[in-house]
Each structure stands twice: as C-alpha cells, then as structure tokens.
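Dock chain B against the given chain A, drawing on the hints supplied.
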Amino acid sequence: AQKITQTQPGMFVQEKEAVTLDCTYDTSDPSYGLFWYKQPSSGEMIFLIYQGSYDQQNATEGRYSLNFQKARKSANLVISASQLGDSAMYFCAMRGVGGAQKLVFGQGTRLTINP
Amino acid sequence: EAGVVQSPRYKIIEKKQPVAFWCNPISGHNTLYWYRQNLGQGPELLIRYENEEAVDDSQLPKDRFSAERLKGVDSTLKIQPAELGDSAVYLCASSARLNYGYTFGSGTRLTVV
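For the protein sequence lines, the chains are A and B, in the order given. Here the first sequence is numbered in the numbering used here, starting from 1 and rising by one per residue. Here the second sequence is numbered in the numbering used here, starting from 1 and rising by one per residue.
None of these hints come from the bench; they were simulated from the model. A few of these clues could be false.
Only part of the chain B face toward chain A is listed, based on derived beta-carbon distances under 7 Å [to be verified]:
| no. | residue |
| --- | --- |
| 1 | Q41 |
| 2 | G42 |
| 3 | P43 |
| 4 | L45 |
| 5 | R48 |
| 6 | F104 |
| 7 | S106 |
| 8 | G107 |
From the derived model, a few chain A residues whose C-beta atoms are all more than 10 Å from chain B [as the list claims (entries may be wrong)]:
| no. | residue |
| --- | --- |
| 9 | A18 |
| 10 | D29 |
| 11 | P30 |
| 12 | S42 |
| 13 | F47 |
| 14 | S65 |
| 15 | Q101 |
| 16 | Q107 |
In silico SDA-like links for lysine to any residue, alpha-carbon gap of 20 Å or less [claimed, not checked]:
| no. | chain 1 | residue 1 | chain 2 | residue 2 |
| --- | --- | --- | --- | --- |
| 17 | B | K11 | A | G43 |
| 18 | A | K3 | B | E44 |
| 19 | A | K3 | B | K11 |
| 20 | A | K3 | B | S58 |
| 21 | B | K11 | A | S41 |
| 22 | A | K73 | B | N38 |
| 23 | A | K73 | A | T60 |
| 24 | B | K11 | A | S42 |
| 25 | A | K3 | B | N38 |
| 26 | B | K11 | A | E44 |
| 27 | A | K73 | B | K11 |
| 28 | A | K3 | B | G40 |
| 29 | A | K3 | B | D57 |
We treat Cβ as the ideally placed atom computed from N, Cα and C, and that holds for glycine.
Extracted from the complex, chain A is given alone in its bound form:
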C-alpha cells in the first residue's frame, strides 16, 4: 500500500524567506510519481510540481523546487522567496503504476506567510 506522511501540521514563515515543507512516502512500486498541490481557502487544488521516480534531476517550477531523496523516500517542497499569496494548505501526493493510478494524499501542511 502507498502512504504519504506530512509531519508538519502548520508552518509560519516571514515573507521573502525560503520554506521547506516535508514529505515522506512509502511504496513498493518501482515506478511512481510524486506531486505537490496548493489548496487556498477557496478550495481548489492547484498543481505545483511533479517528480518521477526515475528522474535524475530534482524538479523545479519557478519558485518551487522538489528536493527528491529516493533512498530516504522523501520529497520535500522548497518555496523560495515566499510571498503573502503562498499562504495555503499544501499537499504531497503519490501515484503508483498500472491500475493504481489514483493519487494518495498526505494530511497536508498549513503554511502561513507573515508580512
């Protein structure tokens, strides 16, 4: 079974600082994908970044980067130069292979950016 663990229920960061949101995962699939989503108070799930298990380099998308450490089964999200608009819930999710194409989500981390 696949499992995602996010151990930080809440994070408080000063504007313009970098922030790391932790995510560890467990799976027996040799091939899998890892995702990060942002969910603002309005409720929609916004895709941020994706990392494939066989990707050699860490994924980056603008101010977002994924610190992928396969041996440690961790996929931390790094947000550089945080902005007030980054305040939201952040979810780490994993997808397996073949028929198990559903996304399995972690419990989420509530990020608050202080001015």
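Only chain B this time, still in chain A's reference frame:
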C-alpha cells in the same frame, strides 16, 4: 480550455435527505475521479472511472453512495440518505490516460445539518 467544472459550489441539506453532485471533466480526459476531503485532511478517493467503467470503487460506501458516468463524459455522485458525517468537500478530478497530470475542480462543499 475549460477546466473541470463542478456544481453546485455549496450545498446545505438536512440529514436523511438526498443530494447529488455533478462534474464535467476536461474534454478528452478518459479518467475521472471523485475524492472526499474531510476538514483538515487530505482528499481520499471514492471512485475512479476509466471512460464509463468504474475501475476502483473500493472506498465508496455503497449503502448510501452511488455514482455514474454515462457516455464516459459527465459524472454524477449521489448520496441517499445523507448523514451528518458526510459533511465534507467533494472534489472531482480528471486526467488523460497517458498523461501525468490531474486537474481538479473547485469542489462542492456539503454541509449536512
């Protein structure tokens, strides 16, 4: 390109009443998912469709929940009768078969009183 469209956006009903949610996925996306998100938690899969076939409904409480995806496009999720514990956000998502991406709708926030 229009995103995944869900309606209604909000719904308040009394317990034991029926309720239905509607989802229109992105055009061409074969796979459609219904997730339930309880307050303060991550979404959990209720059912997954490949075209019109439900291929994973192991987490759907079949005594009161039902879903359909006629013609492999729009989908409806129904609860009858609703219970207080069904209060949650119901999210619909879709993906293309050979694509890594999932697109979520804005969700329906259900409150059962």
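Practice task
Mind checking the CB of G42(B) against every CB in chain A and telling me if the closest is under 7 Å?
Solution key: With a closest approach of 3 Å, the G42(B) hint holds.
Handout entry: Cut-off 7 Å, beta-carbon criterion: hint that L45(B) touches chain A
Key = Since the shortest Cβ distance to chain A is 5 Å, the answer is holds.
Problem - Satisfaction of hint between S42(A) and K11(B), Cα-Cα up to 20 Å - result: Cα-Cα ~15 Å, so holds.
Problem - Interface-negative label, S65(A) against chain B, beta-carbon threshold 10 Å - result: Label holds. Min Cβ-Cβ 18 Å, cutoff 10 Å.
Exercise for the section: Classify the hint on P43(B) as holds or violated, based on whether any CB of chain A lies nearer than 7 Å to its CB. Expected result: holds (5 Å)
Exercise for the section: Take the C-alpha atoms of K3(A) and G40(B), compute the straight-line distance between them, and say whether it is at most 20 Å. Expected result: Holds - the C-alpha atoms of G40(B) and K3(A) are around 17 Å apart, at most 20 Å.
Handout entry: Interface-negative label, Q101(A) against chain B, beta-carbon threshold 10 Å
Key = At about 7 Å from chain B, Q101(A) fails to clear the 10 Å cut-off, so the statement is violated.
Exercise for the section: Would you mind confirming whether the straight-line C-alpha gap from K3(A) to K11(B) stays at or under 20 Å? Expected result: With Cα atoms ~31 Å apart, K3(A) and K11(B) exceed 20 Å; violated.
Problem - Straight-line alpha-carbon gap K11(B) to E44(A), limit 20 Å - result: The given pair, whose Cα atoms are some 16 Å apart, holds under the 20 Å limit.
Handout entry: chain B versus Q107(A) - minimum CB to CB distance exceeding 10 Å, so not interface
Key = violated (5 Å)
Problem - Status of the hint placing Q41(B) at chain A (closest C-beta pair under 7 Å) - result: holds (6 Å)
Practice task
Could you let me know if the closest chain B CB is still more than 10 Å away from the CB of D29(A)?
Solution key: Consistent with the label, D29(A) stays out of reach of chain B, its closest Cβ about 15 Å off (over 10 Å).
When held up to the earlier numbered hints, the structure conflicts with 12, 13, 15, 16, 19, 22 and 27 and fits the remainder.
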